[in-house]
Amino acid sequence: MSRFKLPVLTSRVWKVWRRNFDVFLKTWHVNFLPSLLEPILYLAAFGLGLGVLITGSVDGGSYLQFIGPGLVAIAVMYGAFFECTYASFVRMYFQKTFDAIVATPVSVEEVIAGELLWGATRAAINASIVLVVVAGFGLVSSMWVLLVPALAFFGGLLFAALAMCFTAIAPDIDFFNFPTFLFITPMFLLSGTFFPLGLLPTPLQVVAFGALPLTHIVNLSRTLILGRTEQLLGFSTELMLALNVLWIVVVTLVFFLLAIMLMKKRLIK
Amino acid sequence: MVSANVLIKAVGLTKKFGDFTAVDSIDFEVYEGECVGFLGPNGAGKTTTVRMIYCFSPLTAGSLRVAGLDVTTQARRIKSIVGVSPQEDNLDPDFTVIKNLQVYARYFDIPKSEATSRALKLLKFFQLEEKRDASIAELSGGMKRRLIIARALLNEPKILLLDEPTTGLDPQGRHIVWDKIRSLRKQGITVILTTHYMDEAAALCDRVLIMENGKIIENGAPQQLIRKYVGQDVLEVEYDEALVATLKSELPDVEVEVWGEQVRVFTKQPHGVFERVAKKFPDKTLTIRNANLEDVFLKLTGRKLDEER
Ligand SMILES: Nc1ncnc2c1ncn2[C@@H]1O[C@H](COP(=O)(O)OP(=O)(O)OP(=O)(O)O)[C@@H](O)[C@H]1O
Ligand SMILES: [Mg+2]
Numbered sequence: 004m005s006r007f008k009l010p011v012l013t014s015r016v017w018k019v020w021r022r023n024f025d026v027f028l029k030t031w032h033v034n035f036l037p038s039l040l041e042p043i044l045y046l047a048a049f050g051l052g053l054g055v056l057i058t059g060s061v062d063g064g065s066y067l068q069f070i071g072p073g074l075v076a077i078a079v080m081y082g083a084f085f086e087c088t089y090a091s092f093v094r095m096y097f098q099k100t101f102d103a104i105v106a107t108p109v110s111v112e113e114v115i116a117g118e119l120l121w122g123a124t125r126a127a128i129n130a131s132i133v134l135v136v137v138a139g140f141g142l143v144s145s146m147w148v149l150l151v152p153a154l155a156f157f158g159g160l161l162f163a164a165l166a167m168c169f170t171a172i173a174p175d176i177d178f179f180n181f182p183t184f185l186f187i188t189p190m191f192l193l194s195g196t197f198f199p200l201g202l203l204p205t206p207l208q209v210v211a212f213g214a215l216p217l218t219h220i221v222n223l224s225r226t227l228i229l230g231r232t233e234q235l236l237g238f239s240t241e242l243m244l245a246l247n248v249l250w251i252v253v254v255t256l257v258f259f260l261l262a263i264m265l266m267k268k269r270l271i272k
Numbered sequence: 002m003v004s005a006n007v008l009i010k011a012v013g014l015t016k017k018f019g020d021f022t023a024v025d026s027i028d029f030e031v032y033e034g035e036c037v038g039f040l041g042p043n044g045a046g047k048t049t050t051v052r053m054i055y056c057f058s059p060l061t062a063g064s065l066r067v068a069g070l071d072v073t074t075q076a077r078r079i080k081s082i083v084g085v086s087p088q089e090d091n092l093d094p095d096f097t098v099i100k101n102l103q104v105y106a107r108y109f110d111i112p113k114s115e116a117t118s119r120a121l122k123l124l125k126f127f128q129l130e131e132k133r134d135a136s137i138a139e140l141s142g143g144m145k146r147r148l149i150i151a152r153a154l155l156n157e158p159k160i161l162l163l164d165e166p167t168t169g170l171d172p173q174g175r176h177i178v179w180d181k182i183r184s185l186r187k188q189g190i191t192v193i194l195t196t197h198y199m200d201e202a203a204a205l206c207d208r209v210l211i212m213e214n215g216k217i218i219e220n221g222a223p224q225q226l227i228r229k230y231v232g233q234d235v236l237e238v239e240y241d242e243a244l245v246a247t248l249k250s251e252l253p254d255v256e257v258e259v260w261g262e263q264v265r266v267f268t269k270q271p272h273g274v275f276e277r278v279a280k281k282f283p284d285k286t287l288t289i290r291n292a293n294l295e296d297v298f299l300k301l302t303g304r305k306l307d308e309e310r
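Protein sequence lines correspond, in order, to chains A and B.
Under our numbering, think of the first position of the first sequence as 4, with each following residue one higher.
Under our numbering, think of the first position of the second sequence as 2, with each following residue one higher.
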């Protein structure tokens, strides 16, 4: 095992990003429609269906208001995670795209970093589309909403890095069923997306806060879109937001480096 | 065109995969402007060697310098002056033919207009103009190979690495590639190629390195190796006890190799010796032909079935 070295990344990272962006532009309509329809379906189902049953206020607003920022956060998670698992795996394993690129002055590290930045971008694009729908339903009540694309990008980078670590160890494409069902689906439901985490027993709140990345993105998303923050574990609003940001930054950094390290190990033969 | 400058120099070059040694401490030099062929049976270590030259695979031991640069520390500079046509197809199926070249050129920092003009010239040369807007899935195997070679030339490389460039090509396709290699060599480009076609190696290479089990077992100009190992003429005939006996008694230096039902007889003596023997067996179909590189290759790397009979 060689000594740990920080990866050397140059602006060539963006050429890898650009390759994926070019493919995206070619097929944007295929990517665009589902991202647009999905939140509409959710909001319609929850607003017209479930929402009618929930008559009281949820965390100081309507139920529909509550889940709007959750849907934005879910788009961040799905956008980045699926891009850097299934899609990256196809490029790496079936298409040998990475092998082709590393024969040029672009390095393996830069290929992976470019993939991760692209995954973050996908998250930002998907989340922005969902945000437009949420705004269309009249569920935005803060000017801070303008920062949501930035949150989506950095939150997306977190999920991209996590996803890439799975890609680095995936023996085949079916392997991704495991993280999807054991990690992504539980998070989809249990990160303060569809009900306030405060309703859970304290130990579960601690788990959701400590171990589920989506919790932090949901919390920040709700703060930016609604201008209010869910109270958890007795933290003040300021401390809560600081911890959310810190958690995302630290975990992203760790997994960003880990993803590059693991992928190097896999790709360099 | 071959200069005295050493462009690629390997010393004790070794590559291991776990306990398995794929390239076993080889030494070789490639001169500027030279065309060198790596020959060898499947699994000999040709691709592994080529991959170390373009810094895809790190060395396990030894040293390797390309254009004076060390592959372990100067990968980026080496990769910018090398063009690679890998054995495996890795064209980008998400793009059309022309877009494949444009996107690839971007990795080399070639500006877009320049990239497009180079791409169009290369497509023309490799007779892929009509496919310029086709998707990769629409190309035949041979067209893909030609496009991969075209892609390897986008950065106007000083060194061209071609790993089995003509496998799967039709005769026209092969000649297109051969012509291109010859014309590039006139411009001073250095070429390393691997191939299983001995006629290709003989036609293109100044020198061949024959590999087996990770080692270089012979090295020289094709004609020189042919003279050294097989001589001028080869006699091919169906196996026949009496004939082989006669050959051995009349021509003391002959070497007889039996390959299944076929016998190949080599001699270092001048033209005409086989004709004398042939006259004594008028009802046999004997083929007398010039010795070639394939005879050398089989002799050096093949099992000698004669010894087992
Ligand atoms: N990534 C790898 N992991 C383990 N073994 C490998 C790897 N790559 C190659 N090998 C082994 O190294 C040896 C040399 O392989 P290489 O691809 O260099 O052969 P080659 O001479 O190019 O053969 P071919 O003519 O079939 O292309 C083979 O035995 C192969 O199985
Ligand atoms: Mg090979």
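Heads up, a few of these hints could be off.
Claimed, not checked - Taking lysine to any residue and the SDA-like style, the derived pairs with C-alpha atoms no more than 25 angstroms apart in a straight line are:
#1 B:Lys159 with B:Asp110
#2 A:Lys272 with B:Lys100
#3 A:Lys29 with B:Lys17
#4 B:Lys125 with B:Ile177
#5 A:Lys29 with B:Asp110
#6 A:Lys272 with B:Ser136
#7 A:Lys29 with B:Gln75
#8 A:Lys8 with B:Ser64
#9 A:Lys99 with B:Tyr230
#10 A:Lys267 with B:Gln75
Calculated from the structure, these hints are not laboratory results.
Problem - Structure versus earlier hints, numbers of those that do not hold, lowest first - result: The structure breaks hints 2, 3, 6, 7, 9; every other hint is satisfied.
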